[in-house]
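Start from the sequences, fold in the hints, and give me the full structure.
2 protein chains.
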Amino acid sequence: MSLVIVGSVAFDAIETPFGKTDKIVGGAGTYAGLAASYLFDQVKVIGVVGEDFGANIDIFKSRGIQTEGIEIIPGGKSFFWAGKYHNDMNSRDTLATELNVLGDFDPKIPASYQDCEYLLLGNLTPQIQIDTLNRLDNKPKLVVLDTMNFWMDVALEDLKTVLKRIDVLTINDAEARQLSGEYSLVKAAEVILAMGPKYLIIKKGEHGALLFGEGQIFAAPALPLADVFDPTGAGDAFAGGFIGYLAKIKTINFNNMKNAIIYGSALASFCVEKFGTERLQELHKDEIADRIKQFVHLSQFQLD
Amino acid sequence: MSLVIVGSVAFDAIETPFGKTDKIVGGAGTYAGLAASYLFDQVKVIGVVGEDFGANIDIFKSRGIQTEGIEIIPGGKSFFWAGKYHNDMNSRDTLATELNVLGDFDPKIPASYQDCEYLLLGNLTPQIQIDTLNRLDNKPKLVVLDTMNFWMDVALEDLKTVLKRIDVLTINDAEARQLSGEYSLVKAAEVILAMGPKYLIIKKGEHGALLFGEGQIFAAPALPLADVFDPTGAGDAFAGGFIGYLAKIKTINFNNMKNAIIYGSALASFCVEKFGTERLQELHKDEIADRIKQFVHLSQFQLD
Numbered sequence: 000m001s002l003v004i005v006g007s008v009a010f011d012a013i014e015t016p017f018g019k020t021d022k023i024v025g026g027a028g029t030y031a032g033l034a035a036s037y038l039f040d041q042v043k044v045i046g047v048v049g050e051d052f053g054a055n056i057d058i059f060k061s062r063g064i065q066t067e068g069i070e071i072i073p074g075g076k077s078f079f080w081a082g083k084y085h086n087d088m089n090s091r092d093t094l095a096t097e098l099n100v101l102g103d104f105d106p107k108i109p110a111s112y113q114d115c116e117y118l119l120l121g122n123l124t125p126q127i128q129i130d131t132l133n134r135l136d137n138k139p140k141l142v143v144l145d146t147m148n149f150w151m152d153v154a155l156e157d158l159k160t161v162l163k164r165i166d167v168l169t170i171n172d173a174e175a176r177q178l179s180g181e182y183s184l185v186k187a188a189e190v191i192l193a194m195g196p197k198y199l200i201i202k203k204g205e206h207g208a209l210l211f212g213e214g215q216i217f218a219a220p221a222l223p224l225a226d227v228f229d230p231t232g233a234g235d236a237f238a239g240g241f242i243g244y245l246a247k248i249k250t251i252n253f254n255n256m257k258n259a260i261i262y263g264s265a266l267a268s269f270c271v272e273k274f275g276t277e278r279l280q281e282l283h284k285d286e287i288a289d290r291i292k293q294f295v296h297l298s299q300f301q302l303d
Numbered sequence: 000m001s002l003v004i005v006g007s008v009a010f011d012a013i014e015t016p017f018g019k020t021d022k023i024v025g026g027a028g029t030y031a032g033l034a035a036s037y038l039f040d041q042v043k044v045i046g047v048v049g050e051d052f053g054a055n056i057d058i059f060k061s062r063g064i065q066t067e068g069i070e071i072i073p074g075g076k077s078f079f080w081a082g083k084y085h086n087d088m089n090s091r092d093t094l095a096t097e098l099n100v101l102g103d104f105d106p107k108i109p110a111s112y113q114d115c116e117y118l119l120l121g122n123l124t125p126q127i128q129i130d131t132l133n134r135l136d137n138k139p140k141l142v143v144l145d146t147m148n149f150w151m152d153v154a155l156e157d158l159k160t161v162l163k164r165i166d167v168l169t170i171n172d173a174e175a176r177q178l179s180g181e182y183s184l185v186k187a188a189e190v191i192l193a194m195g196p197k198y199l200i201i202k203k204g205e206h207g208a209l210l211f212g213e214g215q216i217f218a219a220p221a222l223p224l225a226d227v228f229d230p231t232g233a234g235d236a237f238a239g240g241f242i243g244y245l246a247k248i249k250t251i252n253f254n255n256m257k258n259a260i261i262y263g264s265a266l267a268s269f270c271v272e273k274f275g276t277e278r279l280q281e282l283h284k285d286e287i288a289d290r291i292k293q294f295v296h297l298s299q300f301q302l303d
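These protein sequence lines map, in sequence, to chains A and B.
Just so we're aligned: the first sequence equals residues 0 to 303 in numbering that gives the first Met the number 0.
Just so we're aligned: the second sequence equals residues 0 to 303 in numbering that gives the first Met the number 0.
Calculated from the structure, these hints are not laboratory results.
Wrong hints could be hidden among the right ones.
Straight-line Cα separation of at most 27 Å, DSS-like style, residue types lysine-lysine; simulated pairs [as the list claims (entries may be wrong)]: (1) B/Lys83 x A/Lys292; (2) B/Lys273 x A/Lys186; (3) B/Lys292 x A/Lys197; (4) B/Lys292 x A/Lys186; (5) A/Lys292 x A/Lys273; (6) A/Lys257 x B/Lys203; (7) B/Lys186 x A/Lys273; (8) A/Lys203 x B/Lys186; (9) B/Lys83 x A/Lys186; (10) A/Lys273 x A/Lys284; (11) B/Lys203 x A/Lys292; (12) A/Lys163 x A/Lys197; (13) A/Lys257 x B/Lys292; (14) B/Lys197 x A/Lys186; (15) B/Lys19 x A/Lys203; (16) A/Lys292 x B/Lys257.
Right, dumping it as structure tokens:
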């Protein structure tokens, strides 16, 4: 029984008000895989890199993440993204996007991944997400899908097709409004849940996240931080922590989904404390337990 | 022992995507007073109106709110504000502001108000807030102050003076950033708490509220609503519910402050369901208890 994560594995160059990096390892599959690895021990990643990725693959191996599904294209170059965050850290300029080998990504599922029970379909073309589902021998117990406004603009029909086959959709508030045509997030959730997903998670960055499903709503805060060094990958770390917790707990219900969101939020809060994946490579179990306690103090109250 | 609220008592004309009103009763003192009256029975309002306010004073009396401190200026006209909300309900245009009798407001404290233990200084000039404190025979047990960016622009020194004499400051996130010069709300809170208040509440509208103090942070969600009919007065209803709860509970500590924020948020959530003060005039205890339960379901989780 495993958790399979399909997502980009890439190089990023990041500039924030706190500094800038050279080419460092990034990608949604990387952030989500690292985050999930702290909660569940059978994490398997599907992605594609170029030959230039080289020994960077050890980032996964050192966390016990299986990489048989990360295809290495001989002579190819890995996906590269460069971006610069503004002072408010909520907006950024993309300075470079070089798709490279990701442009022809055709996800292959190794036989050893066919025990997939939990599947995270990272933000890629909806067609890749559909192909992945088609190539699995068995329907996973839980499918979480991440997407973005770009696919709503250029591949809406494919996106609607894949939404019928998933359990949890994660998008941000602007994307929920775009996908539904409704400004109220309550109404937006109603429209989106009618498209297929059983649960909808609306990510609101520094304002936390909302979970809709089973006729209920849960609001989780983000941890207020003195410094956000680098927001890159926070949403992916959130998704990885979320599905990693559910893979560990194994029972899918609204209460466990609430807890999964708290774990996802905790992993995201670590992610932004340093540049790139640095913080997600060095976490200790105690730190995670302490961070979860912070979330309890932050949001729990006791009425008389 | 009483809760005294100093604030505007006024007429508003409001336009939202859901409709528009004629001149209806509004004002921070009105919204806060009504909200507090559901939690505490000794609510006393200080304000000023013109002769045109007439029988509208019954809005207070029907909720058991004492009005001896609402001065009626013979021949005067009440403060009038007209505004139009945009589709997102988060921004609005002011169409008219007629200060009228509020322009010369000099708060007078009736002898019957000198038992004040809980004081809410609504958003007025910092000088009026200082005068009110000076005219009370005894220092109240708890002083909550609301203010806005305008006073930071035109009366910053007076504002800093009054901040040294209060316990709780309520402002929104943009105002916290302006007052502190810090973008991070954690750092902003540190700077602002060093200015005098023991507690800082940062109101974030649809994203809820943050409480800082005693080295702790609490994040409360706002209730996600399908329709926000009219946001006018929500922040004042929040403040009234907040201090009303504390006046009832009587013990000031961080845990009770958390609960007070939940009660304030609940009252604010009712406020926006209808135009103006309509919803705050007709609440039943059961509705409030049910709404509090909704906040519990919305934000509380149970880890294994």
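Which numbered conditions among the earlier hints are violated in the structure presented, ordered from lowest to highest? Hints 1, 14, 15 are the ones this structure does not satisfy, whereas the remaining hints hold.
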